[in-house]
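Protein chains: 2
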Amino acid sequence: MTDLQPLDNPVRIGVLLFPGFQALDAFGPLDCINILSRTSNVTLSLLSHTLDPVSTKYSETPGTTGQEVVPTHTYEAPPPLDVLLIPGGRGSRGSGPIVLAAIRFIKDTYPSLKYLITVCTGSGLAARAGVLDGKRATTNKMAWKDMVALGPEVEWIPHARWVTDGNIWTSSGVSAGIDVTLAWIGRVFGEEKAKMIAEGIEYTRHEDPNYDPFAELYGL
Amino acid sequence: MTDLQPLDNPVRIGVLLFPGFQALDAFGPLDCINILSRTSNVTLSLLSHTLDPVSTKYSETPGTTGQEVVPTHTYEAPPPLDVLLIPGGRGSRGSGPIVLAAIRFIKDTYPSLKYLITVCTGSGLAARAGVLDGKRATTNKMAWKDMVALGPEVEWIPHARWVTDGNIWTSSGVSAGIDVTLAWIGRVFGEEKAKMIAEGIEYTRHEDPNYDPFAELYGL
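Protein sequences appear in the order of chains A and B. Going by numbering that gives the first Met the number 0, the letters in the first sequence line up with residues 0 to 219, in that order. Going by numbering that gives the first Met the number 0, the letters in the second sequence line up with residues 0 to 219, in that order.
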């Protein structure tokens with residue numbers, strides 16, 4: 000079972016942004032948080048290595064389209080956070096200085112968090128920060144092999160829309176971020192609120208964490 | 000049936016951004032377009048009234064959370080566009096100068112478009128621009144009454160995930176934007192590509208345009 004953590008008021012949520020993050024990994028959860036904030040006391044910070052706009056474009060695929068999002072804080076000067084959400088995306092790969100800065104921030108921040116939520120290959124960043132060691136976790140199913148290799152001490156669960164272990168919620172690929180965020184909101188703020196948000200965005204939720212047709216699709 | 004329009008290469012897609020746009024209305028479709036751009040020749044422009052970052056925050060609810068996205072073009076100096084996608088959101092309401100500028104842009108741009116796609120209350124902006132007159136269209140189901148009032152000459156379809164009429168694709172609320180975008184990609188770029196994107200984002204698509212449990216939920 001998930002530990003229900005005592006939370007401050009407001010609940011201070013941070014979302015990590017790095018160049019090449021997957022747009023929907025972040026904006027599925029963010030849309031839910033935006034709606035949540037209309038009726039619950041939450042703050043939101045968008046954290047990156049600098050305050051320059053962060054593009055979803057992956058630098059190694061220059062012909063692709065992308066969007067730039069403006070961070071609110073740097074890793075060097077973060078606000079106090081209760082919750083950190085880590086999206087995935089192609090930019091989570093490799094060992095360039097920007098990726099390493101994100102991993103360092105996760106490692107430094109995790110001990111003071113009440114909850115950590117990852118979407119897609121964001122769990123690879125969390126694994127590399129060591130915070131998933133000894134924990135049950137899941138990740139993007141298309142990128143499964145690469146992610147599992149990043150966390151040899153993690154108990155990876157191949158068939159899951161999302162997995163909870165203690166205060167860590169890890170989800171499967173991209174759109175699973177919406178489901179894990181709604182499940183987390185349901186647990187922390189009450190199921191009625193999660194239902195209201197899902198209905199507001201006309202989203203047919205996957206409420207079963209074991210729902211995962213993509214595990215089979217990708218041969219897991 | 001939907002008219003299949005001859006398209007240029009690259010296909011030039013624009014997305015309207017106005018203060019108070021709904022994050023997922025835009026970023027569900029945008030994520031699909033970003034993935035599409037890895038294997039198809041498309042360009043993307045983000046259009047707004049100025050080049051300043053555009054917040055999803057609705058000015059009349061100052062305590063809420065939001066994100067700022069950087070536009071690439073203004074309404075005054077737009078690139079040639081084949082496709083315009085219009086998100087909805089609370090900022091689509093009212094008759095302030097920024098909303099009126101968006102409506103004017105839609106009105107001016109529509110005649111040269113190959114396709115117009117709306118998500119959620121984005122159809123209200125299109126209706127106010129007059130481009131839905133005499134057409135079948137749908138919109139957000141929670142905001143149904145308000146939207147219908149904006150387009151008395153529109154043939155509003157209350158029970159639909161999305162509706163096509165000629166080159167106009169209108170969808171239901173928020174997350175329906177993902178389904179209409181995938182359906183449009185399937186029609187224009189081929190179903191295999193739509194399937195590949197949906198599987199890549201681990202999204203269980205609604206492929207039936209008549210799927211709409213939210214019509215009943217909201218008493219339509």
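Incorrect hints may appear among the rest.
Said to hold, decoys possible - Calculated lysine-lysine pairs in the BS3-like style (CA-CA distance at most 27 angstroms, straight line): (1) A/K192 with B/K192; (2) B/K106 with B/K194; (3) A/K194 with B/K144; (4) A/K106 with A/K144; (5) B/K192 with A/K144; (6) A/K106 with A/K194; (7) B/K192 with B/K113; (8) A/K144 with B/K113; (9) A/K106 with A/K192; (10) B/K144 with B/K194.
Said to hold, decoys possible - Now the stretches of chain B that chain A is said to cover, found in silico as 3 or more residues with beta-carbon under 8 angstroms: (11) 75 to 83; (12) 88 to 102; (13) 105 to 117; (14) 125 to 139; (15) 148 to 156; (16) 193 to 205.
Stated by the list, open to error - Partial chain A-side listing against chain B, Cβ under 8 angstroms, derived: (17) G27; (18) Q66; (19) Y74; (20) E75; (21) A76.
I should point out that these hints are in silico values taken from the structure, not numbers from a laboratory. Virtual Cβ for every residue (Gly too), placed ideally from N, Cα, C.
Is the straight-line distance between the alpha-carbon of B/K144 and that of B/K194 27 angstroms or less? violated (34 angstroms)
Would the pair A/K192 and B/K192 pass a check requiring their Cα atoms to be no farther apart than 27 angstroms? Cα-Cα ~35 angstroms, so violated.
Take the C-alpha atoms of A/K194 and B/K144, compute the straight-line distance between them, and say whether it is at most 27 angstroms. holds (22 angstroms)
Does the stretch 75 to 83 of chain B contain three or more residues whose Cβ lies closer than 8 angstroms to a Cβ of chain A? violated (count 0)
Pair hint outcome, B/K106 versus B/K194 [Cα-Cα no greater than 27 angstroms]: violated (33 angstroms)
Is the Cα-Cα distance between A/K144 and B/K113 27 angstroms or less? violated (41 angstroms)
Chain B contact restraint for A/Y74 - C-beta distance below 8 angstroms: With Cβ-Cβ at 18 angstroms, over 8 angstroms, it is violated.
Outcome, coverage of the stretch 88 to 102 of chain B by chain A - at least 3 residues whose beta-carbon is closer than 8 angstroms to one in that chain: violated (count 0)
Are the Cα atoms of A/K106 and A/K194 separated by 27 angstroms or less? violated (33 angstroms)
Taking 8 angstroms as the Cβ threshold, is the statement that the stretch 105 to 117 of chain B is covered by chain A upheld or broken by the three-residue rule? Contact hint for the stretch 105 to 117 of chain B vs chain A: violated, 0 residues under 8 angstroms.
Closer than 8 angstroms Cβ to Cβ for three or more residues is the test here. Does the stretch 125 to 139 of chain B pass it with chain A? violated (count 1)
Would the stated hint for A/E75 survive a check requiring a Cβ distance to chain B of less than 8 angstroms? violated (20 angstroms)
The structure fails hints 1, 2, 6, 8, 9, 10, 11, 12, 13, 14, 15, 19, 20 and 21 (numbered hints given earlier, in ascending order).
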